[in-house]
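> Per the working numbering, the sequence shown starts with residue 47, numbered consecutively.
One or more of the hints may lead you astray.
In the DSBU-like style, the derived pairs of lysine-lysine whose C-alpha atoms are separated by at most 30 angstroms in a straight line are [stated by the list, open to error]:
| no. | residue 1 | residue 2 |
| --- | --- | --- |
| 1 | Lys163 | Lys109 |
| 2 | Lys203 | Lys109 |
| 3 | Lys188 | Lys203 |
| 4 | Lys163 | Lys215 |
| 5 | Lys188 | Lys109 |
| 6 | Lys210 | Lys163 |
| 7 | Lys203 | Lys163 |
| 8 | Lys215 | Lys203 |
| 9 | Lys58 | Lys213 |
| 10 | Lys163 | Lys213 |
Since the hints were made in silico from the structure, they are not lab data.
Since the structure is predicted, the reported quantities are computational estimates derived from the model, not experimental observations.
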Amino acid sequence: MPPLPHIFTDTKLETTIVNLTTRLVQSVAEGDWETYASLVSHDMTAFEPESGEHQVQGLDFHKFYFSLAHAQSATSPPPYASLPPATTTLVSPHVRILSSDRCSALITYVRLVQRVKQTPEGTLEPVTTTSQETRVWELDRKEGAWRNVHFHRSLVKAPEVIIKEVKAKL
Numbered sequence: 047m048p049p050l051p052h053i054f055t056d057t058k059l060e061t062t063i064v065n066l067t068t069r070l071v072q073s074v075a076e077g078d079w080e081t082y083a084s085l086v087s088h089d090m091t092a093f094e095p096e097s098g099e100h101q102v103q104g105l106d107f108h109k110f111y112f113s114l115a116h117a118q119s120a121t122s123p124p125p126y127a128s129l130p131p132a133t134t135t136l137v138s139p140h141v142r143i144l145s146s147d148r149c150s151a152l153i154t155y156v157r158l159v160q161r162v163k164q165t166p167e168g169t170l171e172p173v174t175t176t177s178q179e180t181r182v183w184e185l186d187r188k189e190g191a192w193r194n195v196h197f198h199r200s201l202v203k204a205p206e207v208i209i210k211e212v213k214a215k216l
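Work out the full structure, taking the sequences as your base and the hints as a guide.
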């Protein structure tokens, strides 16, 4: 397949979209509602596991989870408060400019979240969750700022979970 015309490639813009996405995902990890709200459109749409894979529109659905995290951190620290913070990694981000005016872009990537959890026995155990994510960004020409207008997130089961499920069916 021949390469895309130059009009649809822009390394600087692609880097901007990756950096904005990284900032957005980090704001989720840190429970930083102000940063999150500044990076998304007020009427954004989303499909994600928490919505039962139904489309949600607007910010109320997402604000609930930020408020929940904030409320939990305001109470006495949980027993795992001394655990290291989660680490988020965007694997293989791929940006595609969607319009010749360079005002819309799509990014796809795999998101890895590594955290440590405490087992009922009191031992520490590393846990990694994996999701496949797609985000659509649009340039708000009035404000000169990029906004995430849509995203889709699907969880990926770990191979050992899939094997366990298959064995259970046999």
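> Tell me, which hint numbers fail for this structure?
The structure conflicts with hints 3, 9, although it agrees with all the remaining ones.
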